[in-house]
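The sequence shown runs 1 to 1110 under the working numbering.
In case anyone wonders, no lab produced these hints; they're calculated from the structure.
By construction, the Cβ of each residue, glycine as well, lies at the ideal position given by its N, Cα and C atoms.
Hints should not be assumed to be uniformly reliable.
Unchecked claim - When the alpha-carbon atoms are kept at most 30 Å apart in a straight line, the in silico DSSO-like pairs for lysine-lysine are as follows:
#1 Lys272 with Lys225
#2 Lys881 with Lys321
#3 Lys347 with Lys366
#4 Lys667 with Lys738
Stated by the list, open to error - Now the in silico label distances, taken between C-beta atoms and shown as ranges:
#5 Ala621 with Ile654: 51 to 61 Å
#6 Asn367 with Lys794: 25 to 35 Å
#7 Asn367 with Asp879: 45 to 55 Å
#8 Lys794 with Thr623: 56 to 66 Å
#9 Leu268 with Ile497: 32 to 42 Å
#10 Pro530 with Asn367: 54 to 64 Å
#11 Lys896 with Ser284: 21 to 31 Å
#12 Ile497 with Thr270: 44 to 54 Å
#13 Asp879 with His582: 25 to 35 Å
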Amino acid sequence: MGICRRNYSAVTVAISNLLLLDLRGRADQNEYLCPFTLKAPQHPLITVLNQKKDVWRDVLTQMQFIMNHHQNEIGCHSVELLRPVYLYILCNPSLSLSESCRQQTWHLLIKSRITKRLQIEALQWMRIKNINMCLETNYRLLELAEVVAANKDKQYCVSLMPFIVSTTIKLLEFNCDPRPNFDIVSLMIECSDSDSCSITVALLAEVISTCPSIYLFSVVQLCKKILEKLQCSAVVAYAMLASLLQWMAYPSFFSSDALEVARKLISLITDKTAWSCNISRLLSNQVFMALKHSDANIQFYTEICYCMESCSESTTLTWLKKIADAPNNMKYRCKLLLSGLFLYSDKPAVTIRTCEILVRIVKENKNFASHLLSLILYKLTTSRDYEEIKALLVALPELAVVKENIPLIIQTLETFLTSKNSLKYLAINLYLKAWENDTRCHRYLQAALVDASKTNKTWRSNVTCAKAMKYICENHPQHGIELVPLLSQTLNSCGDITGSTATALALEGISALCESGLIDICSTWKVLAPKMNKDKRTIVLVSLCKLFGRIPFYPSHPGDKFDKLVFEVITKLWTFVSTWDHVDVIRASFEALSEYKLENMSLKSLPAEYRKDITLPPLYAKTPMEAARKPEDVLPYIPSECWIQMLDKMNSSILNSAGNLLIAFVKEEINAYSQSIYICGQREHNSFNYLPASSVVRAIGDYLRTFSSSSNKHQESTVIECLRIFAEKYPKPLPPGKCSFLENTMSISTTAKHYSIAIACHQAVISSSARTIIENHLATLTTESKVESTSLFKEYLTLYMNLEDLCRGVPPNSLRPFLETSLNYTLEKAVLDSEKAVETFEKIMHCYSRTLKDETIHDANRTLLSIILEGLSERIDVDSKLFDSFVTAAIELSTKHIERMTSPSLWWEVTPQKLRMAAVIRSELLLRKKVESPLNWMNEVIDAAALIPGVQINILRIIQKVGVGMRTETSSAEWTLDFMGQINKTLLDAPEEDSIKIVTFLCDVLLVTTICLSATDCFLANDESLVISRDVKANLFPQAMAILSQKASSKETIGQIMDCLHHIRTSSIPESYKNAFHNALVSLKHERHFDIAWATFLSTKSNVNCLRNS
1 MGICRRNYSA VTVAISNLLL LDLRGRADQN EYLCPFTLKA PQHPLITVLN
51 QKKDVWRDVL TQMQFIMNHH QNEIGCHSVE LLRPVYLYIL CNPSLSLSES
101 CRQQTWHLLI KSRITKRLQI EALQWMRIKN INMCLETNYR LLELAEVVAA
151 NKDKQYCVSL MPFIVSTTIK LLEFNCDPRP NFDIVSLMIE CSDSDSCSIT
201 VALLAEVIST CPSIYLFSVV QLCKKILEKL QCSAVVAYAM LASLLQWMAY
251 PSFFSSDALE VARKLISLIT DKTAWSCNIS RLLSNQVFMA LKHSDANIQF
301 YTEICYCMES CSESTTLTWL KKIADAPNNM KYRCKLLLSG LFLYSDKPAV
351 TIRTCEILVR IVKENKNFAS HLLSLILYKL TTSRDYEEIK ALLVALPELA
401 VVKENIPLII QTLETFLTSK NSLKYLAINL YLKAWENDTR CHRYLQAALV
451 DASKTNKTWR SNVTCAKAMK YICENHPQHG IELVPLLSQT LNSCGDITGS
501 TATALALEGI SALCESGLID ICSTWKVLAP KMNKDKRTIV LVSLCKLFGR
551 IPFYPSHPGD KFDKLVFEVI TKLWTFVSTW DHVDVIRASF EALSEYKLEN
601 MSLKSLPAEY RKDITLPPLY AKTPMEAARK PEDVLPYIPS ECWIQMLDKM
651 NSSILNSAGN LLIAFVKEEI NAYSQSIYIC GQREHNSFNY LPASSVVRAI
701 GDYLRTFSSS SNKHQESTVI ECLRIFAEKY PKPLPPGKCS FLENTMSIST
751 TAKHYSIAIA CHQAVISSSA RTIIENHLAT LTTESKVEST SLFKEYLTLY
801 MNLEDLCRGV PPNSLRPFLE TSLNYTLEKA VLDSEKAVET FEKIMHCYSR
851 TLKDETIHDA NRTLLSIILE GLSERIDVDS KLFDSFVTAA IELSTKHIER
901 MTSPSLWWEV TPQKLRMAAV IRSELLLRKK VESPLNWMNE VIDAAALIPG
951 VQINILRIIQ KVGVGMRTET SSAEWTLDFM GQINKTLLDA PEEDSIKIVT
1001 FLCDVLLVTT ICLSATDCFL ANDESLVISR DVKANLFPQA MAILSQKASS
1051 KETIGQIMDC LHHIRTSSIP ESYKNAFHNA LVSLKHERHF DIAWATFLST
1101 KSNVNCLRNS
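The whole structure should be built from the sequences, with the hints applied where relevant.
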């Protein structure tokens, strides 16, 4: 072995001399580029280390000799010559070389004054993936920090300080002692300025929130020193306060010394009034910007701190809305800074919005509930705004999701209950919400209700308790059964007018218990009837009607008791209808009656005035004695003419309510029809007499058929109501019969005409007479008309509202002229800014959309609608107010028609206008509908836009919207990989001049999409900056790639994506994008593929331009 070692030593010296000889030959050109890499052609000294690892001392000796060479031409190029060797030793993920080798190599590197660039490049690739790597990287950072602190290198100190704190967070995850890091940061403070203070403090706030209590004194002491000597933003300082409050809620975890320091730190934060915003200066620090993307925590806190410092009061609310809409993992990541904003803000709107977001975070991550409770209680002590205090109090019950919070929440609510103001009423509602989150709060809620019912008899107390009991009965009836005594007490004690609301709420609670089957409606009504039969209060009677209306849905066993109850209830409801004066009670009665089937009603239950002149049919009057009987005592059904009498007797104010009852009966009747009823041969029935005598359809149909234009106004009202009943859209058409009567009813009024046309549309599919009426009407609207445009629009909409029926019952040759004429006319008026025309066009497009979704329309008419919509695409400007409604209809077209309308490859000419139109339609298609591989739908538009610079900004705005909407799409990783492949292909295929412009736009698209998919755009105060600023895109892209790589859908493709990033960063693209792709690759260094391809990645020199000469 000794001989072998001596041979390697000799070889190493020889290789060193040969390298110097080669360097002298190449350095004549004044610039030197090392011809060797980490892989192929591999640096000779790396080959030696691979062959014999224990000769590292000899290799290091030669490296030291070269670095300190007396000849200037060698010394100045020594870093370039040895770069691959340094990176091989320091960044090798296998850690195959000894710790001493790596440490001494690092010392050699950091003690030289010409290796700053290489130091940074090595730091970029160092990892903290596992405990060994984390400790290794931490040692390197601490060693470098000592050197730069001793050299008073302020730029370096400012840059390294947050990185050391960030590594501390990882050390704590691995249960390592972080105090050496605290000590070195304390040392660096003395030779640093405030530029990175905000990020450092934000990271320390995270350290505090995860730190074991044993280290609390050290970290709190460090925080106090930083805030005393340096300046940070207010929100970040209050984020630290938020982390401290979490611990202060449990002071036993603090030593007495730590508790004292923590209190001083809190006072230091809360007493301070002047704060500083330094992130913008930090972004000009070349060292920091070169290192920023190597650490996910630094990336995140840099962007969010800069965003919050950039936000004004108005833009803060806009930004908070973006955070509220962000994915849950992003909201959770922002929790500390949001907590800081929550505590610091003195703007109620900001505080309330932030509180809402923090509560949402708790719903997804219950562990945050204890922390948020301490924040809300602290904020309550400082808040003075009523709306803000109310929002904070309402948030308290939402935190009852962990048992540790419940005692404190209950204690707070108990305090409110004993107060003499309105807080005691709020307390009951808060108890209710707390109980929703944890059932252990039930006994406190019940005690509060009992106490309030006994000690407080005010109307407000009664209503509050009744409302709470109603909620419990409806949502948790198993607990509501315990409240029956309280409900009964409410009914008995709230008998005056002021108790109306409480009584009504109590009745609704009882109804819910009956519906759940926990109490029997028959016995319940037996108890309630004596009191309720005497009650005259309107709101109570309305509530009672609602209870009656739910009886058909209560679980019950058919029997005499139940049948008797149903008869009694129906009779009482009809009594309300016929004798009561208050419209609300009558309407509620009709609504309740509509819940019953017609077979449940008897003729006897109907008021006498609705059954006048009813004679027994021959079947029931075969003898004089039988004929002498009263119909109500004999007939097992209600003759249909009774319903016409009812309508005739109705006041105009409640005629619609009566009509709604009949609509319910007609719907029930039509649902019961078999298919055979619609088979009537060549000739249509002249009347509806073929239907049963109990048929509501028969009564209304024959009444309309016998209508005379000489009828009085009251009869006209009845006719119009009958038309409305028939015009309702039922699951099936009305029974077949001649519709010629509609020609007469059209002349009554505009309303009657509207209903008549609707009936004809519905019936056209089975009735030739209805189809004829509609075709004739369509023809009149196709010719030029002198009718006022407003009236014409109403005529159009009457038909369009029934477009599905028209497409089922009218052939295309009859329908097409109307569709084209009406659209042309509406569009002409809308272009002239007629508000009515615009509104009409929007409604027409909504009808198109609804009809195209209907699978029962004829294919020929579907094709007709599609062709008409395709034609519209070239007539409506993308910026027009009409375009959105057009898109709503267009996305319902078949794939064939959408592709024909939006595929640039199928157009005669590709114009910016058409391209924008296609982009909007395709984007809305994949945002609103379920589409396979949705992002692929944008590729053809993107390819076309790459050749038209004038449209690219608009396309990027659309891509931005798509990215936000596709955040949960699982195919996005595959699209990203394919799109990168397209960029590489373009670089290879296109001429260089063309390819740079095309690839630049494709890179824009890739970056915008990736940033929006990852929700990294939430860090922007201004969304437009992402579209127009290349620097913004390049800055956010690396973090976006790192976030997307964590998704399960990205795991299979991330290795290929890393290879693509590496390839693109070495190609001819703008310098800022080269940096972006390089930094993205750095941000993915913890991925498994890096262990395989690290030598390839590191062989390409990092583009640290700002430090090229260091």
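Hint check results:
With a C-alpha separation of about 15 Å, the suggested pairing of Lys272 with Lys225 holds against the 30 Å cut-off. Annotation: proposed proximity of Lys881 to Lys321 holds, straight-line Cα distance about 26 Å (limit 30 Å). Of the pairs offered as hints, the one joining Lys347 and Lys366 holds, with about 27 Å between alpha carbons and a cut-off of 30 Å not exceeded. At roughly 20 Å between alpha-carbon atoms, Lys667 and Lys738 fall within 30 Å of each other, so this suggested pair holds.
A C-beta distance of roughly 35 Å is found between Ala621 and Ile654, which places it outside the suggested range of 51 to 61 Å. Taking 25 to 35 Å as the suggested C-beta distance range, the pair Asn367 and Lys794 does not conform, at roughly 59 Å. For Asn367 and Asp879, the Cβ-Cβ distance of about 48 Å falls inside the hinted range of 45 to 55 Å, so the restraint holds. For Lys794 and Thr623, the Cβ-Cβ distance of about 57 Å falls inside the hinted range of 56 to 66 Å, so the restraint holds.
Taking 32 to 42 Å as the suggested C-beta distance range, the pair Leu268 and Ile497 does not conform, at roughly 60 Å. Between Pro530 and Asn367 the beta carbons are some 55 Å apart, a value that agrees with the proposed interval 54 to 64 Å. A hinted range of 21 to 31 Å for the beta carbons of Lys896 and Ser284 is inconsistent with their spacing of about 55 Å. The supplied range of 44 to 54 Å is met by Ile497 and Thr270, whose beta-carbon atoms lie about 52 Å from each other.
Distance hint for Asp879 and His582: a CB-CB separation of about 53 Å, inconsistent with the stated range 25 to 35 Å.
Hint check: violations occur at hints 5, 6, 9, 11 and 13; the rest are consistent with the structure.
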